[in-house]
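Quick mapping for you: the protein sequence lines, in order, are chains S and X. Each step along the first sequence adds one to the number in the numbering used here, with nothing skipped, and position 63 is 63. The number in the numbering used here is simply the position in the second sequence, starting from 1, with 1000 added.
If you are wondering where the hints come from, they were derived from the structure by calculation, not from laboratory data. Please note that the accuracy of each hint is not assured.
Subject to a maximum C-alpha distance of 30 Å in a straight line, what follows is the list of computed BS3-like cross-link-like pairs (lysine-lysine) [to be verified]:
| id | chain 1 | residue 1 | chain 2 | residue 2 |
| --- | --- | --- | --- | --- |
| 1 | S | 116 | X | 1099 |
| 2 | S | 116 | X | 1086 |
| 3 | S | 44 | X | 1031 |
| 4 | S | 121 | X | 1150 |
| 5 | X | 1150 | S | 44 |
| 6 | X | 1158 | S | 44 |
| 7 | S | 116 | X | 1108 |
| 8 | X | 1158 | S | 116 |
| 9 | X | 1061 | S | 44 |
| 10 | S | 2 | X | 1061 |
| 11 | X | 1108 | S | 2 |
| 12 | S | 44 | X | 1140 |
| 13 | X | 1108 | X | 1061 |
| 14 | X | 1108 | S | 44 |
Which chain S residues face chain X? A few, computed with CB under 8 Å, are given here [stated by the list, open to error]:
| id | residue |
| --- | --- |
| 15 | 44 |
| 16 | 47 |
| 17 | 68 |
| 18 | 81 |
| 19 | 112 |
A quick note: this is a predicted structure, and the numbers were derived from the prediction, not measured. Just so you know, even glycine gets a beta-carbon here, dropped at the ideal spot from N, CA and C.
Residues per chain are reported as follows:
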Amino acid sequence: MKPLLSNDYLVLLTRAFLGLLFIVVSLEKIVEPAAFAQSIANYKIVGPPLTVVLATVLPWLELLCGFALLFGIFLRGSSLLLSGMLVVFTAGVISALLRGLDIACGCFTQDPSVGKIGWMKVLQNGTLLVLSVFLYFSSSVRFSISQYLRTRPLE
Amino acid sequence: MTSFGTALREAGMLLVAAAALGFIYTAAMEKGLFGTQRPGIASSLQTSANAPVMVSPDSAKLFFDSGDALFVDSRHAYDYNLGHIKGAINLPLAEYAEKKGTVSQVPKDRLIIIYCDGADCNSSIELAARLFLDGYINVKIFFGGWGEWKAKNLPIEKSAK
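Required output: the full structure, derived from the provided sequences and hints.
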């Protein structure tokens, strides 16, 4: 496991993939918070006030974490947050599936015609979670802004 | 475990920044929490005698059995095609302007029952409001919608295609 965790290129690839993915999926939610709020409400887990707060903050959190991963700033913080979000999202999907809810995921797009939640979604999120946890434990900081700032010769 | 402490501090900063950006953006763009889409139509309905009312699943079933009611599905065409109340027509709220021709042959006093997914969708209410404002005076909302209808094993059908 150690060689994998410290493999600069593997870590960079994972950062770029997760980072770009979260940046892309956050954009539609940012532009249409009302549609995203509806998606959250469909899960019938949180009440209206919290739904509004989540619809307002979550997309921006996805965007910031995406940029953080991509550029290598706050790597541990952003991978921790992403892992946390993915655990919560996946728990939401599983709970909705167990309650027999017939709803669209609202994960990657707010367009209901893309499809309903299913166990495939759980598997997909699980994969992303593994990648995100991998980044959290990875020791490679090469190709990151924080590393650049740390090693920059002072004058 | 200082690295976990660092991670938590970074996560906290990201969270605060996201919250600030989210609230500032939605406030500036008048979206979401600060949007103005909600109250308009719905409140204008409360004042009219013929305004759309909600019906229970049992009355929806009675109207269905009587054969007098036209059921209108306000969900997306995709969901409608997967399954809908038997005999219902599809008029997605999102495409109301383009597709309202679908009901142009329907007499204005015909009993119309609108439904969508279930308790968490508002498109049936919005669609009822639009139809009412367009002159249909006998519009009702079956708020339990597709979810309750299916759960009670009442007659359904799928689209041919």
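Quick rundown of the hints versus the structure:
1. For the suggested pair residue 116 of chain S and residue 1099 of chain X, the alpha carbons sit about 25 Å apart, so the restraint of at most 30 Å is met.
2. Note on residue 116 of chain S and residue 1086 of chain X: the hinted pairing holds, with a Cα-Cα distance of about 22 Å set against a maximum of 30 Å.
3. Restraint check for residue 44 of chain S and residue 1031 of chain X: satisfied, since their Cα atoms lie roughly 22 Å apart, inside the 30 Å limit.
4. Distance hint between residue 121 of chain S and residue 1150 of chain X is fulfilled; the C-alpha atoms sit about 24 Å from each other, no more than 30 Å.
5. A distance of roughly 19 Å separates the Cα atoms of residue 1150 of chain X and residue 44 of chain S; the hinted pair therefore holds under the 30 Å criterion.
6. A threshold of 30 Å between alpha carbons decides the hint, and for residue 1158 of chain X with residue 44 of chain S the separation of about 27 Å falls inside it, so the pair holds.
7. Between residue 116 of chain S and residue 1108 of chain X, the direct Cα distance comes to roughly 36 Å. Violation of the 30 Å bound is thereby established for this hinted pair.
8. The hinted pair formed by residue 1158 of chain X and residue 116 of chain S meets the criterion: a straight-line CA distance of about 17 Å does not exceed 30 Å.
9. Taken as a hint, the residue 1061 of chain X and residue 44 of chain S pair is honoured in the structure, with Cα atoms around 26 Å apart against an allowance of 30 Å.
10. With a CA separation close to 64 Å, the supplied pair residue 2 of chain S and residue 1061 of chain X exceeds the 30 Å bound.
11. For the given pair, residue 1108 of chain X sits about 73 Å from residue 2 of chain S by alpha-carbon distance, which is inconsistent with the 30 Å threshold.
12. Distance restraint check for residue 44 of chain S and residue 1140 of chain X: the Cα-Cα separation of roughly 25 Å lies within the 30 Å cut-off, and the hinted pair is therefore satisfied.
13. A threshold of 30 Å between alpha carbons decides the hint, and for residue 1108 of chain X with residue 1061 of chain X the separation of about 22 Å falls inside it, so the pair holds.
14. Proximity of residue 1108 of chain X to residue 44 of chain S is assessed by CA-CA distance (about 36 Å); at most 30 Å being required, the pair is judged violated.
15. With a cut of 8 Å, the hint placing residue 44 of chain S at the interface with chain X holds, because the nearest CB-to-CB distance is about 6 Å.
16. Taking 8 Å as the C-beta cut-off, the interface hint given for residue 47 of chain S is violated, the closest approach to chain X being about 12 Å.
17. At its closest, the beta carbon of residue 68 of chain S sits 7 Å from a beta carbon of chain X; the interface hint therefore holds under the 8 Å criterion.
18. The interface hint given for residue 81 of chain S is met, as the beta carbon of that residue sits about 5 Å from the closest beta carbon of chain X, less than 8 Å.
19. Here the hint on residue 112 of chain S is kept, as its CB sits about 5 Å from the closest CB of chain X, short of 8 Å.
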